[in-house]
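Whole structure, please, built from the sequences with the hints as guidance.
Each chain, written out:
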Amino acid sequence: MKTVFINCSPKKRFCASAYFLMLQRLFVGGKKVTEKLRTPADHARILGQLKDTQAIVFGLPLYVDGIPSHVLRFMEEMEVFCKENDLHPSVYCIANNGFIEGKQNEPLMQSFEHFCTRAGLTWGGGVGIGGGVMLNVTRILFIVDIGLLLLNTVLSVVNTGNIFPKSAWVSFGENAALLLYFNLGVLFYLARMGGAIRKNTCSGKKYTRILIPSFIFIVFADIFFIIISFFEGGLFRGWLAKKKIEE
Amino acid sequence: MKVLIHDLDRAYDDRLAPKCDRMIAADGKYAPCQGCFGCWTKHPAECFMKDTLQQVCRLIGQADELVIITRNLYGEYSPAIKNVLDRSIGTSTPFSTYRGKQMHHTLRYGKHALWKVIVYGEITEAEKDTFRYRAERNAVNDGFERAEVVFVSDISGSEALI
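Residue numbers (the numbering used here), protein chains in the order written: chain A, 1 to 247; chain B, 1 to 162.
The set of hints was computed from the structure by calculation and includes no laboratory data. It cannot be assumed that every hint is accurate.
[What the hints assert, rightly or not] The calculated lysine-lysine pairs, modelled on DSS-like cross-linking and capped at a C-alpha distance of 25 Å, are:
#, chain 1, residue 1, chain 2, residue 2
1, A, Lys-244, B, Lys-19
2, A, Lys-31, A, Lys-83
3, B, Lys-29, A, Lys-244
4, A, Lys-12, A, Lys-32
5, A, Lys-242, B, Lys-2
6, A, Lys-206, B, Lys-101
7, A, Lys-36, B, Lys-2
8, B, Lys-101, A, Lys-244
The following block contains the structure:
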């Protein structure tokens, strides 16, 4: 069995879609191919991968309550390609949005269902994820935690000869457990959809989110943008102003 | 101010222009959004890509009424129209708030009146339902008081609907 994972994020790196597809791959067996869809130049290469695949998993961000325009262009071409080549793979979708409610991905999911109907493909279901950006940050924090653990271990060996600094490991374990907790909803539903992909069945549409209370999430989101805007300079360029058109 | 976005042939421009204050012809000759958030964090209400959509959020943000004429594609806007909307998130600010019992961004230009969509092309009943739902979501997200969706089989008389 072959599964093609299509990362539809327009970002070159560190995108949430890549993170969720990476997690989804853990729950799928057989031959796995990951492709990146950013520009029309990627279309022919990806379509070539679809000829012998049984399942396709789209990973994409929610843009303005829907599918990003560059993905819509690909889907139109894919519809024609699948009809011409009599292809009927199952289509699955992992959509993520920056807001905390995964349910906000519902219009996007509906459009994927309509796409499958028109293209003669089998709709396999999807997972809509709220707080996608912040969940992506948790993976970066996990990598930082591993780095800190290694650094503390090296310092411990140099200073005391102890290769197992207990306090560093306890701290790492606590942080890792917390990050894992934030991701539990996502892991559960991706594992569930992975089972459906393996059995070539429909998993339905499921919505989940980062496991943080909304009022805390909003505060963190605002702080995140204040910090980014400070370093990128937008904070000092009429950050919240009603900008007029420069004719 | 009434702003019109359409994906029709440019031959329609002369007929549609008198029906609105500003018009955006979605001809697809521009780049898709790169998801960098620069229009929030680096150069507010302006895209880093120097094409015809660089300041489109400033135009849409000042619309009292936004009218969109689009071809149906899976209950979604056409890629050319969606491209314009994707590039217009600078109408809001990066700050978060609650509207319609869900999280959204605060509005840079305040409240608007009407988000109207005129959909043409072959469409199923299920896709119509999705379009109505989508327009309502768009209206809440972008701070429009109400949404309206019209489905037409013949686009030739579309200016009468604007």
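Among all the numbered hints in the text so far, which are the ones the structure does not match? 7 and 8
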